[in-house]
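Chemist: Residue numbers (this note's numbering), protein chains in the order written: chain A, 4 to 356; chain B, 6 to 501; chain C, 76 to 415.
Treat the hints as calculated values from the structure; they're not laboratory data.
None of the values given here were measured: they were computed from a predicted structure.
From the three backbone atoms N, C-alpha and C, an ideal C-beta is built for every residue, glycine too.
It is possible that part of the hints are untrue.
Pairwise CB distance ranges, derived in the manner of DEER restraints [as the list claims (entries may be wrong)]:
| hint | chain 1 | residue 1 | chain 2 | residue 2 | range |
| --- | --- | --- | --- | --- | --- |
| 1 | C | Ile-401 | B | Ser-139 | 56 to 62 angstroms |
| 2 | B | Gln-86 | C | Ala-358 | 52 to 58 angstroms |
| 3 | A | Ser-299 | B | Glu-213 | 39 to 45 angstroms |
| 4 | A | Ile-73 | C | Ala-358 | 30 to 36 angstroms |
| 5 | A | Val-341 | C | Val-247 | 53 to 59 angstroms |
| 6 | C | Lys-280 | B | Glu-491 | 36 to 42 angstroms |
| 7 | C | Lys-280 | B | Asn-392 | 22 to 28 angstroms |
| 8 | A | Ile-170 | C | Ile-274 | 41 to 47 angstroms |
| 9 | A | Ile-170 | C | Ala-172 | 20 to 26 angstroms |
| 10 | C | Lys-280 | B | Arg-82 | 43 to 49 angstroms |
One letter stands for each residue in the lines below.
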Amino acid sequence: MNSQEHTDVINAKEKTLRQQFDQSAAVRSVIKQFYIYVVLALIVLVLSVVKLDQVSLFGRGSFLSPDSLINLLRSSVPILTLSAPFTLLMISGYIDLSVGSAMSLSAVVFAWLILNGFSFLPTLGLTLILGIVLGSFNGLLVMKLRITPVIATLVTLNLFKGIALLIVPNNLSAIKGSAQQPMPAWINDYGRQEVFLGLPWAFWIGVLMIIVLIIVQRRTLLGKYAAAIGGNRTAAELSGINAVKYVWVLYIVLGLCAALAGMARASYMSLGDPLSGDGMETNCIIAVLLGGTSFSGGEGSVAKTIIGALIIVCVTVGLLTVIPAYWQTVAKGTVLIVAVVLNHLLVREKVKA
Amino acid sequence: MALTENVLEIRDLVKDFPGVRAVNNVSFDIKRNTVHCLVGENGAGKSTLIKILTGAYMRTSGLIRLNGEEYNPHSTRDAKQKGISTLFQELNVVDQLTIEENLTLGMEDTTFGFLRHTDKINKIVGVMNSIEPSLKPRQLVSSLSVAKKQIVEIAKAVAAESNIIIMDEPTAAISESEIARLFTIIKNLRATNVTVIYISHRLDEIFEIGDYVTVMRDGMHVETKPVSQIQDRSELIKMMIGKTVFEQYTPREGHCEDTILQVKHLSNHQLSDVSFDVHAGEIAGFYGLVGAGKTELARAIYGADAYEGDILFKGKKLQLGPDKAIASGIALVPEERRSQGLFTILTIRSNVPVMNMAKISRGGFINSAMERSATLEYVQKLKIATNSIEKEAAKLSGGNQQKVVLSKCLFADADLLMLDEPTRGIDVGAKSEIYSLIRQLSKEGKTIMIFSSELPEIMNICDSIYLMYDGRLKATLRNGCDIDSEKILHIVTGGE
Amino acid sequence: MENKLERKPAVSTKLSDESFITFFMIGVLIVLFVLACFVVPNFYRTQNMINLVTNNWFYIVLGIGVSFLLITGNFDMSVGGNIALTAVLSVYFCQAATGSPNDLANGLGLPYPVAIGLALLCAMSVGALNAFFIARLKVPSIIVTLGTMMLARGTAQVVTEGAQRNTSLPDVFGMLGSMGIPGTTIKLAVLVMLALVIIALIVEKRTVFGRRIYLIGANPKAARLSGISVERYLTALYILSALLAGIAGILLASEFRSGMSGQATGYEFDALVISLLGGVSIAGGFGSVGGMFVGALILAVVKSSATGLLLSPNWQFTLKGIVTFIAIIAQRYALDKRRG
Numbered sequence: 004m005n006s007q008e009h010t011d012v013i014n015a016k017e018k019t020l021r022q023q024f025d026q027s028a029a030v031r032s033v034i035k036q037f038y039i040y041v042v043l044a045l046i047v048l049v050l051s052v053v054k055l056d057q058v059s060l061f062g063r064g065s066f067l068s069p070d071s072l073i074n075l076l077r078s079s080v081p082i083l084t085l086s087a088p089f090t091l092l093m094i095s096g097y098i099d100l101s102v103g104s105a106m107s108l109s110a111v112v113f114a115w116l117i118l119n120g121f122s123f124l125p126t127l128g129l130t131l132i133l134g135i136v137l138g139s140f141n142g143l144l145v146m147k148l149r150i151t152p153v154i155a156t157l158v159t160l161n162l163f164k165g166i167a168l169l170i171v172p173n174n175l176s177a178i179k180g181s182a183q184q185p186m187p188a189w190i191n192d193y194g195r196q197e198v199f200l201g202l203p204w205a206f207w208i209g210v211l212m213i214i215v216l217i218i219v220q221r222r223t224l225l226g227k228y229a230a231a232i233g234g235n236r237t238a239a240e241l242s243g244i245n246a247v248k249y250v251w252v253l254y255i256v257l258g259l260c261a262a263l264a265g266m267a268r269a270s271y272m273s274l275g276d277p278l279s280g281d282g283m284e285t286n287c288i289i290a291v292l293l294g295g296t297s298f299s300g301g302e303g304s305v306a307k308t309i310i311g312a313l314i315i316v317c318v319t320v321g322l323l324t325v326i327p328a329y330w331q332t333v334a335k336g337t338v339l340i341v342a343v344v345l346n347h348l349l350v351r352e353k354v355k356a
Numbered sequence: 006m007a008l009t010e011n012v013l014e015i016r017d018l019v020k021d022f023p024g025v026r027a028v029n030n031v032s033f034d035i036k037r038n039t040v041h042c043l044v045g046e047n048g049a050g051k052s053t054l055i056k057i058l059t060g061a062y063m064r065t066s067g068l069i070r071l072n073g074e075e076y077n078p079h080s081t082r083d084a085k086q087k088g089i090s091t092l093f094q095e096l097n098v099v100d101q102l103t104i105e106e107n108l109t110l111g112m113e114d115t116t117f118g119f120l121r122h123t124d125k126i127n128k129i130v131g132v133m134n135s136i137e138p139s140l141k142p143r144q145l146v147s148s149l150s151v152a153k154k155q156i157v158e159i160a161k162a163v164a165a166e167s168n169i170i171i172m173d174e175p176t177a178a179i180s181e182s183e184i185a186r187l188f189t190i191i192k193n194l195r196a197t198n199v200t201v202i203y204i205s206h207r208l209d210e211i212f213e214i215g216d217y218v219t220v221m222r223d224g225m226h227v228e229t230k231p232v233s234q235i236q237d238r239s240e241l242i243k244m245m246i247g248k249t250v251f252e253q254y255t256p257r258e259g260h261c262e263d264t265i266l267q268v269k270h271l272s273n274h275q276l277s278d279v280s281f282d283v284h285a286g287e288i289a290g291f292y293g294l295v296g297a298g299k300t301e302l303a304r305a306i307y308g309a310d311a312y313e314g315d316i317l318f319k320g321k322k323l324q325l326g327p328d329k330a331i332a333s334g335i336a337l338v339p340e341e342r343r344s345q346g347l348f349t350i351l352t353i354r355s356n357v358p359v360m361n362m363a364k365i366s367r368g369g370f371i372n373s374a375m376e377r378s379a380t381l382e383y384v385q386k387l388k389i390a391t392n393s394i395e396k397e398a399a400k401l402s403g404g405n406q407q408k409v410v411l412s413k414c415l416f417a418d419a420d421l422l423m424l425d426e427p428t429r430g431i432d433v434g435a436k437s438e439i440y441s442l443i444r445q446l447s448k449e450g451k452t453i454m455i456f457s458s459e460l461p462e463i464m465n466i467c468d469s470i471y472l473m474y475d476g477r478l479k480a481t482l483r484n485g486c487d488i489d490s491e492k493i494l495h496i497v498t499g500g501e
Numbered sequence: 076m077e078n079k080l081e082r083k084p085a086v087s088t089k090l091s092d093e094s095f096i097t098f099f100m101i102g103v104l105i106v107l108f109v110l111a112c113f114v115v116p117n118f119y120r121t122q123n124m125i126n127l128v129t130n131n132w133f134y135i136v137l138g139i140g141v142s143f144l145l146i147t148g149n150f151d152m153s154v155g156g157n158i159a160l161t162a163v164l165s166v167y168f169c170q171a172a173t174g175s176p177n178d179l180a181n182g183l184g185l186p187y188p189v190a191i192g193l194a195l196l197c198a199m200s201v202g203a204l205n206a207f208f209i210a211r212l213k214v215p216s217i218i219v220t221l222g223t224m225m226l227a228r229g230t231a232q233v234v235t236e237g238a239q240r241n242t243s244l245p246d247v248f249g250m251l252g253s254m255g256i257p258g259t260t261i262k263l264a265v266l267v268m269l270a271l272v273i274i275a276l277i278v279e280k281r282t283v284f285g286r287r288i289y290l291i292g293a294n295p296k297a298a299r300l301s302g303i304s305v306e307r308y309l310t311a312l313y314i315l316s317a318l319l320a321g322i323a324g325i326l327l328a329s330e331f332r333s334g335m336s337g338q339a340t341g342y343e344f345d346a347l348v349i350s351l352l353g354g355v356s357i358a359g360g361f362g363s364v365g366g367m368f369v370g371a372l373i374l375a376v377v378k379s380s381a382t383g384l385l386l387s388p389n390w391q392f393t394l395k396g397i398v399t400f401i402a403i404i405a406q407r408y409a410l411d412k413r414r415g
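Please model the complete structure; the sequences and the hints are all you need to start from.
Modeler: Here is the structure:
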């Protein structure tokens, strides 16, 4: 076989390989787009079919009954509120492991303010400002001081958690009402009181945030720049984008949403628990992984992450009813590893041309 | 403001680096709305000149006038604002965004942060349509071929109202038909008030697309001429080589006939069907310009990249993986010394013995005395300028860093030593030291393969010369007094 | 112009950056210690100083594995969970098969050496799992090890039904935990820790294995091109880290004569903190186990001062955060200053 023929064979081989790759890429792309809805549907199906009548949580024992659905959605408020901005941050190539602690701290501060007589607007204002401050601090550490995001946010995780624990008086486990100083009942207004379709303000605000962030991701400069910075930071900066500024904003938004999530939790439980946000960052990571976000940045979808968050809630709440509490951790760990595998299979780096 | 005839005027431009003058009093003009080609061998100073134009480097002295006004950019952003865009070999597009999003990146119109679809976008997309109508704005850039991505970058530069677009080896990674398309685009650009500075070593392209050509050599300006006034390739080649006197190559006696390396039908994404043999004890030179595939060939043989085909070393089939190559007796001095060859935050002493730890250790324990003496030995042998082997490698000059990487590979006591651009960035004095070292090693029986884009280097010391172009092995020559450097340059620039 | 060599280059006695940072942190330790002696009542007592080491031996053991991995640029957050897993399993495997209706009182009745051997194997399999995802599939280590941490601890929780196992244990079970230098608080575990630290220091400074860890961290690409199998080394390190956690787990279980599912909660973060305090950098290729040891002492002084000042245990988190932050900034500043 002379050189020309050999080259032709190679070219032909390459062409068939490329065709096969394109075909499988097309199939993969379809799977990638829709698998998450399939997964969610499957889980709902499974949970509906399994007999849950032993457990009071589900009233008449049906997963899809309005009561249990409302319960489900209500307990999903924090993860829904947090995973949307978390996705945007991941798209830009950065991470924040302190979201859980920021949520706890906000919950504690919120409860403390109400317990000590602050009225609604100041409480709301101060808590939200707290969220912004916490987010700015993360942004400072990561973007200005250029500390590795994982380490910086692990540090703030402990810092925020520590402050939350310190606010709570030593003899108590949380900021809550007592005989001498009862917690005003209106604390429940935000997170527990049924406002529309049996769901509280917190839920609807959460939904609003999600819608806003979906729009931000798809229609605004911030969303586009987040993808640009995560996808190819050099190209982005060469185009004149100030990466430091935009990612800092994303950290602040995340902090703000952490405050909302903390408010929701404190409002629902009528107390400020400094450990209420523990493990939230893991939930966010799982949601984001299931939603097909690449952890190197550039790719991701807030909407899909929300589906992923719903999957987690279904799994958590659903499992809670059938398995003892002490199986929770290993279940969550399994879900995370499974999500990692799924994410790896779906969001693969492109083969070099 | 009346438009000047020359869009760029360069006067006595000088750029010095420690130990070397990369651009040496270069002066020439670039006329408006032309395709102005820049040619020269590697090391001629082209890339440094371009980096000064794009604001990546600051000039040492001299003057540049852009549109008649003094031009002294401090950053790539500066240059961009002044209307100079560059297409580098590494594409600067965001794969995860659509074509339209890439085109408008950094230039969006917004209301309160919301992206607005304005006329501006229509205009920009229109620019792209006029360049390449087959591209749909909503396509993801990741789905495009390299050629199409380049076109997106060009469209972006035009949309940003650049009046100078610099293209650095744009045809290195695209096919024939795509090159034709690119040239049509370039011609259209010229007609729409854009000046293109085109850097390439593919001389046929110069003749096809160029209006003017500037030849550089050894950092100096040789000549700038209209392409129409150049007779043929060989005239250009003569300008590129000039009166460089090649040191006499002395053919060596005692030529060994044993084949130590057999490469059979090697192919991968950059190489096409490369086959050749190397004899034990000889110095084989692989010459070609940017994109020829030299580094890819070296890496494939070393096992750092995957490939199809067979490689037999000392009669046995080579397994994939640098560790297997080293174990069999092959060592590679990589092309990029800082990122691929050196452990910059570690000391010289920690760098040198890396590829042959067995030699300085017993039972897994490092013998510090042996480590130190071995390092000192190489520091002296290669005359690495340092007062201590405890110095961090990052603190050494470029040339000394290269020497450390060389020491590292020499320490591996390999039978086959592959050197990829061994003297890049090294000053003349150190270069000849390295050449004598290579000859010495060959005398000791080692086989050496040099991959280089400097012809004098290859012709100086190599016994056999392999010429590469576009991922293929085009010709093999034995070195001797009848070697024709013009013919060589002809082949490596695409001639037959 | 390049300098011409005038004389043979000497072996310099100038301090490497690494040693500089270690000494810098020793300085910080001394300053903090002196401060504590003044501010904290009863701080300056011999027993207190010994306690700094003996009460924190497990952090240091974990710190060895975590530091090595950090030097290569990777995290291991699964070590705390691994301690719990090993502790619980060592009890479970060893508990007599009493056939009691209470599940938690029923074990596998294996002889003690077999039980701890099996438990260590289980720990190492967690390490292998880490290695598979991180070294082979190239998934970010922070995410994988958070997941395996939950798997490990979760398994411990399942085996203990969320509580602990501590019945029907053979006498030999408590042996390792109660041995030590008579007349002192220095337990066997502390001696094991010291031995491990010394071995780690030797490996780090004097062996080929240790040198290659630094090479991988300093430049993974160059390491690969220099013939180092990065995948194999990372696998070894993750299994080693898991093994160290396993050893700590076995010693702790023996000390308390019980396998608690809540054992070692949060220890992975402490291990990370002491490594960072010791100057180990996530950027890779820099830091020392010796520094980590100093970092452990610093953290111990801080914690002990907090207790001595009658601060509630809740101060731990805030203090850890603040101390780590200051350390990172201070080290960066010191190095920048030094490099000029």
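Chemist: Now tell me, hint by hint, if it's right for this structure.
Modeler: These are the hints, each one checked on the structure:
{"no.": "1", "hint": "C/Ile-401 x B/Ser-139: 56 to 62 angstroms", "result": "holds, 58 angstroms"}
{"no.": "2", "hint": "B/Gln-86 x C/Ala-358: 52 to 58 angstroms", "result": "violated, 34 angstroms"}
{"no.": "3", "hint": "A/Ser-299 x B/Glu-213: 39 to 45 angstroms", "result": "holds, 40 angstroms"}
{"no.": "4", "hint": "A/Ile-73 x C/Ala-358: 30 to 36 angstroms", "result": "violated, 49 angstroms"}
{"no.": "5", "hint": "A/Val-341 x C/Val-247: 53 to 59 angstroms", "result": "violated, 40 angstroms"}
{"no.": "6", "hint": "C/Lys-280 x B/Glu-491: 36 to 42 angstroms", "result": "violated, 57 angstroms"}
{"no.": "7", "hint": "C/Lys-280 x B/Asn-392: 22 to 28 angstroms", "result": "holds, 24 angstroms"}
{"no.": "8", "hint": "A/Ile-170 x C/Ile-274: 41 to 47 angstroms", "result": "holds, 44 angstroms"}
{"no.": "9", "hint": "A/Ile-170 x C/Ala-172: 20 to 26 angstroms", "result": "violated, 49 angstroms"}
{"no.": "10", "hint": "C/Lys-280 x B/Arg-82: 43 to 49 angstroms", "result": "holds, 46 angstroms"}
Checked against the numbered hints above, the structure breaks hints 2, 4, 5, 6, 9 and satisfies the rest.
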